[in-house]
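Quick note: the sequence shown uses my numbering, first residue 179, plus one each step.
Take the hints with a grain of salt, since some may be wrong.
Stated by the list, open to error - Derived pair list, reagent style EDC-like, types lysine to aspartate or glutamate, alpha-carbon separation capped at 20 Å:
(1) 276 / 266
(2) 276 / 340
(3) 276 / 200
(4) 276 / 319
(5) 276 / 336
(6) 276 / 317
(7) 276 / 211
(8) 276 / 204
(9) 276 / 191
To be verified - Computed spacing ranges between beta-carbons, pair by pair:
(10) 220 / 261: 21 to 27 Å
(11) 352 / 229: 49 to 55 Å
(12) 309 / 338: 16 to 22 Å
(13) 229 / 322: 36 to 42 Å
(14) 234 / 283: 36 to 42 Å
(15) 198 / 324: 38 to 44 Å
(16) 235 / 191: 26 to 32 Å
(17) 284 / 232: 44 to 50 Å
(18) 324 / 202: 42 to 48 Å
(19) 319 / 263: 28 to 34 Å
(20) 353 / 202: 54 to 60 Å
(21) 232 / 254: 18 to 24 Å
(22) 231 / 350: 25 to 31 Å
(23) 225 / 322: 31 to 37 Å
Rather than coming from a laboratory, the hints here were simulated on the basis of the structure.
We put the beta carbon where it would ideally sit given N, CA and C, even for glycine.
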Amino acid sequence: MARSTTAARRYAEAAFEIALRDGTVDAWRLELDAASTIVSQAVIGRTLANPAIALETRSAAVEETFGRVASRPVLNLILLALRRGRIEDVPRIAAEFKRLDDRRLGITPAIAISAAPLGPDEVGALTGRLEQLTGGRVELDLQVDPSILGGLVVRVGDRLIDGSVRGRLERLRSRLVSGAL
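Using the sequences plus the hints, can you model the full thing?
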């Protein structure tokens with residue numbers, strides 16, 4: 179996995195530099211997202227990654243399939259990944275490209291996990307508070323996990339804010355066991 183992640187990051191960094199140079203970052207981002215969706219389809223992904231099928235046949239399939247959704251530079255990246263046996267890395271390349279673009283735009287990704295779905299007002303208040311905390315825009319990914327019992331667990335970058343009932347109970351249990359109460 180580490181080898182694959184490193185390769186995806188290198189491909190994305192190179193693509194991002196080209197997109198910045200050409201002023202086509204938004205187009206690259208959209209096209210890589212579309213390509214990622216296509217490659218993630220089980221049948222297409224397995225077929226393109228299958229070394230038993232001739233490379234020329236797979237390359238023609240890439241041209242046909244991706245030619246409708248990708249410009250020539252993005253198509254060249256996909257073909258390069260195919261030739262290097264890394265077609266399955268296209269979704270990771272797209273995710274890494276998005277991360278690089280978000281960093282350029284000053285957008286911080288955050289994940290909020292709650293026991294029940296949050297309402298629009300709660301999402302707005304949470305986003306506002308996180309934007310104050312980070313000093314920039316926040317892209318909030320909402321998840322529901324009933325096992326936290328109540329409250330919220332928020333991850334912003336490498337910070338974890340555990341305000342869940344489960345987390346509080348675990349901390350209380352630890353203090354009781356250690357005799358620190």
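Here is what the structure says about each hint:
no.	hint	in the structure
1	276 / 266	17 Å, holds
2	276 / 340	27 Å, violated
3	276 / 200	17 Å, holds
4	276 / 319	14 Å, holds
5	276 / 336	18 Å, holds
6	276 / 317	12 Å, holds
7	276 / 211	9 Å, holds
8	276 / 204	10 Å, holds
9	276 / 191	10 Å, holds
10	220 / 261: 21 to 27 Å	22 Å, holds
11	352 / 229: 49 to 55 Å	51 Å, holds
12	309 / 338: 16 to 22 Å	18 Å, holds
13	229 / 322: 36 to 42 Å	40 Å, holds
14	234 / 283: 36 to 42 Å	40 Å, holds
15	198 / 324: 38 to 44 Å	43 Å, holds
16	235 / 191: 26 to 32 Å	30 Å, holds
17	284 / 232: 44 to 50 Å	46 Å, holds
18	324 / 202: 42 to 48 Å	43 Å, holds
19	319 / 263: 28 to 34 Å	31 Å, holds
20	353 / 202: 54 to 60 Å	55 Å, holds
21	232 / 254: 18 to 24 Å	20 Å, holds
22	231 / 350: 25 to 31 Å	58 Å, violated
23	225 / 322: 31 to 37 Å	35 Å, holds
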